[in-house]
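**Student:** In mature numbering (1 follows the signal peptide of the UniProt record, and there is no 0), the protein residues as written are -22 to -1, 1 to 484.
None of these hints come from the bench; they were simulated from the model. Don't take every hint at face value.
Unchecked claim - Distance condition first, Cα-Cα at most 25 Å in a straight line; then the derived DSS-like pairs of lysine-lysine:
1) Lys180 <-> Lys241
2) Lys389 <-> Lys447
3) Lys306 <-> Lys241
What the hints assert, rightly or not - Label-pair ranges, simulated between beta-carbon atoms:
4) Asn247 <-> Tyr283: 46 to 52 Å
5) Lys470 <-> Lys385: 21 to 27 Å
6) Gln185 <-> His328: 32 to 38 Å
7) Asp281 <-> Ser87: 22 to 28 Å
8) Phe79 <-> Ala234: 54 to 60 Å
9) Ala361 <-> Lys450: 25 to 31 Å
10) His328 <-> Leu195: 15 to 21 Å
11) Lys96 <-> Glu329: 26 to 32 Å
12) Glu329 <-> Leu109: 21 to 27 Å
13) Lys450 <-> Ile256: 56 to 62 Å
The beta carbon of each residue, even a glycine, is placed where N, CA and C say it ideally should be.
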Amino acid sequence: MEIKKALNVIIVFYFMMACSYAGRRVDVTKTCNSEADCGSDECCVPDSNQVTKRGMPKAPLPIFINSGICRKIGTLNDSCFVDQKEKAGVIRECPCEKGFFCEGAGLKSPFGEIGTCKPIQKVCRNNGDCLNTQCCRCPLMRKGKRQIEPCVCQDNGVNGAQCIVEHNNVDLMTFERFCPCSNGFTCHGNGMKEVPLGEHGKCKPIQKVCRNNGDCLNTQCCRCPLMRKGKRQIEPCVCQDHGVDGDKCIVEHNAAVLLTFEKFCPCSNGFTCHGNGIKEIPLGEHGECMAVEGTPVEKECEDSYDCGEGQCCKCPLMRKGKMQIQQKCVCADVGKRHGTCIVEHMQTTHETYEMFCPCGPRLLCLGNNKHEIPLGEYGKCMAAGDLARGRPILPPVETRTPCTSRKQCKKDECCLSIHRPIGKRGLEEQPQAYCEKRGICNEGCLMNNGNRKRPESGKVFVGECPCAKGLKCTPNGMTDIPLGPMGTCEPKRRKFRERKCKKLRG
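Let's have the full structure, built from the sequences with the hints guiding it.
**Tutor:** Written out as structure tokens, the structure is:
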């Protein structure tokens, strides 16, 4: 009888302990006894309420009480264990999913070395084994078997990424330590050099060099450094976006019409510069751009579905890094007639558009052969009637005929570069060119492009093609720097002017 009483007491105590453990599991959504109870992307790990500090299961646990919970398999930066050890058939953390490995952090535990899930990098021999947006990165100065590490594919640097200045515009089979910067970025050095690599730096967006506001977009100004004196202080003027809400500005720049602006660009339309009382000589009073009262506030958006009819979600170019997060995507009207556009925007439909919205209905984007990386070719929104009276739409770059001299083009074509030079040094080297139609009536031309004394040798033309046969380039009093005097194509004989122009238009 005493034995039976003792067994009854043990059974009651056992059930009481079971109920107390079951009460701790009210917050668990999915419990498990084994891996089979979880999904394909999950694993069965012990509940934190049912394990000790060392990860061992607490006792006593009746067989019908679930021993763990289902958790997702580890992805990027999730915690894991290197060579995880089982304790009493229990694992502490889920392993990393396929395509990731557990990178140790040097901290040991009873279950193994603690680490985080990192993507498995592809081993390569040269850049040809990687994607177009990657490079084959190798360790520096690989000497001896103990220092040999495999070369792996790594993404090219974006805004803020570490880089080597000497890697700019260098075509190598492999790169040591760091990959070069992506398209649209360049490596700015910080003065620290490492032998034999070169100068260290960070990737920053390429800024367009300018001489005055005419070289920049309508939403930009030509910003120059303050008081440039002497060779040591000479820095190029660059195009920069007008200030928006919260950007720094100079009060004296409000409503000022200048060719260039020092230190800061003026505020955008709908904003004005409110001073903060701090004055800098000779600039003026510093301040911040704030919205003008009564000005409609631009609606922020994540995609074009957040905008109304006849609008798109327009975003600033290359929004990467904290320094460019200030500019947000806003709803803007689609391009109107003669408005600026991007040819590539008309070929596909995007959720967001960079810099410019596509042209409106019944309008087409006519390219002007001026390209900006990585946006594409600039153009103007034109109606079908305008195109019927002028030159037809240029075919996309993929269908044009590449050339290195005018001899490879037809008689009514010239070999025209798609790049616009900055300064006279850029006139000599034009790496990419295509065959384009020569200028017809009322189209722009350059006086120095084969229209005067300069011979039409096998060179590549820059800026504009010369006028077609029977036409001459008449000066209009304007000059393009550094290309030279500008003009308009007109018939040599006024008597047959209309007949000649009609024939060229087809």
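**Student:** For every hint, state whether the structure bears it out.
**Tutor:** Status of each hint after checking the structure:
1. Lys180 <-> Lys241: Measuring from Cα to Cα gives roughly 22 Å; hence the hint holds.
2. Lys389 <-> Lys447: holds, 9 Å
3. Lys306 <-> Lys241: Satisfied, since the Cα-Cα distance of roughly 23 Å is no more than 25 Å.
4. Asn247 <-> Tyr283: 46 to 52 Å: violated, 26 Å
5. Lys470 <-> Lys385: 21 to 27 Å: holds, 25 Å
6. Gln185 <-> His328: 32 to 38 Å: For His328 against Gln185, whose Cβ atoms are near 25 Å apart, the range 32 to 38 Å is violated.
7. Asp281 <-> Ser87: 22 to 28 Å: violated, 45 Å
8. Phe79 <-> Ala234: 54 to 60 Å: holds, 59 Å
9. Ala361 <-> Lys450: 25 to 31 Å: holds, 29 Å
10. His328 <-> Leu195: 15 to 21 Å: About 20 Å separates the Cβ atoms of His328 and Leu195, which means 15 to 21 Å holds.
11. Lys96 <-> Glu329: 26 to 32 Å: holds, 30 Å
12. Glu329 <-> Leu109: 21 to 27 Å: For Glu329 and Leu109 the Cβ distance comes to about 23 Å; the hint holds.
13. Lys450 <-> Ile256: 56 to 62 Å: holds, 58 Å
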